[in-house]
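J.: Each chain, written out:
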Amino acid sequence: MATNGETDRILVPFRDPAVYSEYKSKWSALPQDEAGWLQRAQDVANVLAVDAGLRDQENKSPRAEIELFKHSGLLKLFGPKKYGGGEQPWSVGYKAIRKVAEADG
Amino acid sequence: MVFRSLGMLLGYHLLWSTTANVVGTPEQADRTQKLIIENNYFIGGAVNPRDSDLKITSSGDKIVFTGFKHFNTGGVISDLTVLEGVLEGTDNHIFAFAPTRQPGIVFSHNWNNIGLRLTESGSVKIDNVEVPWTDALGWNPDTKEPNSEVLGIAFASLLLPTIQLVFSNFYLGIALGAQDYASKYTVKNTRAWPFGGDVSTLSFLNFSG
Numbered sequence: 001m002a003t004n005g006e007t008d009r010i011l012v013p014f015r016d017p018a019v020y021s022e023y024k025s026k027w028s029a030l031p032q033d034e035a036g037w038l039q040r041a042q043d044v045a046n047v048l049a050v051d052a053g054l055r056d057q058e059n060k061s062p063r064a065e066i067e068l069f070k071h072s073g074l075l076k077l078f079g080p081k082k083y084g085g086g087e088q089p090w091s092v093g094y095k096a097i098r099k100v101a102e103a104d105g
Numbered sequence: 001m002v003f004r005s006l007g008m009l010l011g012y013h014l015l016w017s018t019t020a021n022v023v024g025t026p027e028q029a030d031r032t033q034k035l036i037i038e039n040n041y042f043i044g045g046a047v048n049p050r051d052s053d054l055k056i057t058s059s060g061d062k063i064v065f066t067g068f069k070h071f072n073t074g075g076v077i078s079d080l081t082v083l084e085g086v087l088e089g090t091d092n093h094i095f096a097f098a099p100t101r102q103p104g105i106v107f108s109h110n111w112n113n114i115g116l117r118l119t120e121s122g123s124v125k126i127d128n129v130e131v132p133w134t135d136a137l138g139w140n141p142d143t144k145e146p147n148s149e150v151l152g153i154a155f156a157s158l159l160l161p162t163i164q165l166v167f168s169n170f171y172l173g174i175a176l177g178a179q180d181y182a183s184k185y186t187v188k189n190t191r192a193w194p195f196g197g198d199v200s201t202l203s204f205l206n207f208s209g
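If you read the protein sequences in the order shown, they are chains P and S. Okay, so the first sequence: first residue is 1 according to this note's numbering, each after it adds one. Okay, so the second sequence: first residue is 1 according to this note's numbering, each after it adds one.
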């Protein structure tokens, strides 16, 4: 099945991103320092760890999980503060990656 | 069974999101960061070096990417895709961001792997994807030549060691997570062999068949 980027979202199975909608407001404020960012990464890891095994078996497109990342602010970890990013260094990024990988590679 | 993939997706995104900082001009880096951060975009890439480079042709004020990549981590669920190819008639490589959802980016959805299953690392066909010359990272859109102040220095080679360290860190995370899971499993769900408390030699022999 080959599809372009517009239609694949309809044809490929994925979980409803709304399963994580509660975190949009819960995590609306961006962390301010390394400790805060690593805590946020741990919070995300804890959410993912709940059903990591089930999600592996289902093998669905991780659209909902990407939405969870977006709610968490982690995608903006390095971005300039003037555009709403966390302006953190790679050392913090690597630690955040490790925390998420501990729960869900 | 605990499974691992999302650390890898986060790691790739963080790497791709800094591409313009490494191989772009300061103006491109600023413009790209504004686009990614203000929109909270997730970034994928079709840059795996195991395949041939994408072919790039110049067409007026645009460059056009064409080719095929067997692996493209995170691309399917991304907002922007990093493309990389070689400009026709030269040995020069160009990196550029393109919107993922367009007819020229065609995913095969053929990733059903053992391990890292949710990374959506299947193949992708790049079919005449157009990008403005002004978005050719580290290139001068007027002369259509690489800017040696950006691409001619060692800093521009840092994408590779940076992604290798991403790998190291999600591998480390996977190992630490597995160790933690195994230790909890051992404490909660297992007992000493054969039934716990029985360490006689005879018993051992009986049960070892």
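No lab work stands behind these hints: they were computed from the structure. We treat Cβ as the ideally placed atom computed from N, Cα and C, and that holds for glycine. Some hints here could point you the wrong way.
To be verified - Ranges of calculated distance between the beta carbons of each label pair, as one might list FRET restraints:
| hint | chain 1 | residue 1 | chain 2 | residue 2 | range |
| --- | --- | --- | --- | --- | --- |
| 1 | P | A35 | S | T57 | 44 to 54 Å |
| 2 | P | G36 | S | A178 | 22 to 32 Å |
| 3 | S | E88 | P | S28 | 20 to 30 Å |
| 4 | S | D142 | P | Q32 | 39 to 49 Å |
| 5 | S | K184 | P | K81 | 34 to 44 Å |
| 6 | P | E34 | S | N48 | 27 to 37 Å |
| 7 | P | S25 | S | T57 | 44 to 54 Å |
| 8 | P | Q39 | S | L35 | 44 to 54 Å |
J.: How does the Cβ-Cβ distance of S/K184 and P/K81 compare with 34 to 44 Å: does it lie in that range?
T.: Between S/K184 and P/K81, where Cβ atoms are some 39 Å apart, the hint holds.
J.: Using the beta carbons of P/S25 and S/T57, state whether their distance is inside 44 to 54 Å or not.
T.: holds (47 Å)
J.: Does the Cβ pair P/Q39, S/L35 satisfy 44 to 54 Å?
T.: At 28 Å between Cβs, range violated.
J.: Quick check: does the Cβ-Cβ distance between P/G36 and S/A178 fall within 22 to 32 Å?
T.: Since P/G36 and S/A178 have Cβ atoms about 27 Å apart, the given range 22 to 32 Å holds.
J.: Does the Cβ-Cβ separation between P/A35 and S/T57 fall within 44 to 54 Å?
T.: At 49 Å between Cβs, range holds.
J.: Does the hinted range 27 to 37 Å hold for P/E34 and S/N48 at CB?
T.: Taking Cβ atoms as reference, P/E34 and S/N48 lie about 32 Å apart, which means the hint holds.
J.: For S/E88 and P/S28, compare the CB-CB distance with the range 20 to 30 Å and indicate the outcome.
T.: Violated, since S/E88 and P/S28 (Cβ atoms, about 47 Å apart) do not stay within the stated range.
J.: If I claimed the Cβ atoms of S/D142 and P/Q32 lie 39 to 49 Å apart, would that claim hold in this structure?
T.: The hint (39 to 49 Å, Cβ to Cβ) holds, given that S/D142 and P/Q32 are roughly 42 Å apart.
Of the hints listed earlier, those the structure fails to meet are numbers 3 and 8, in rising order.
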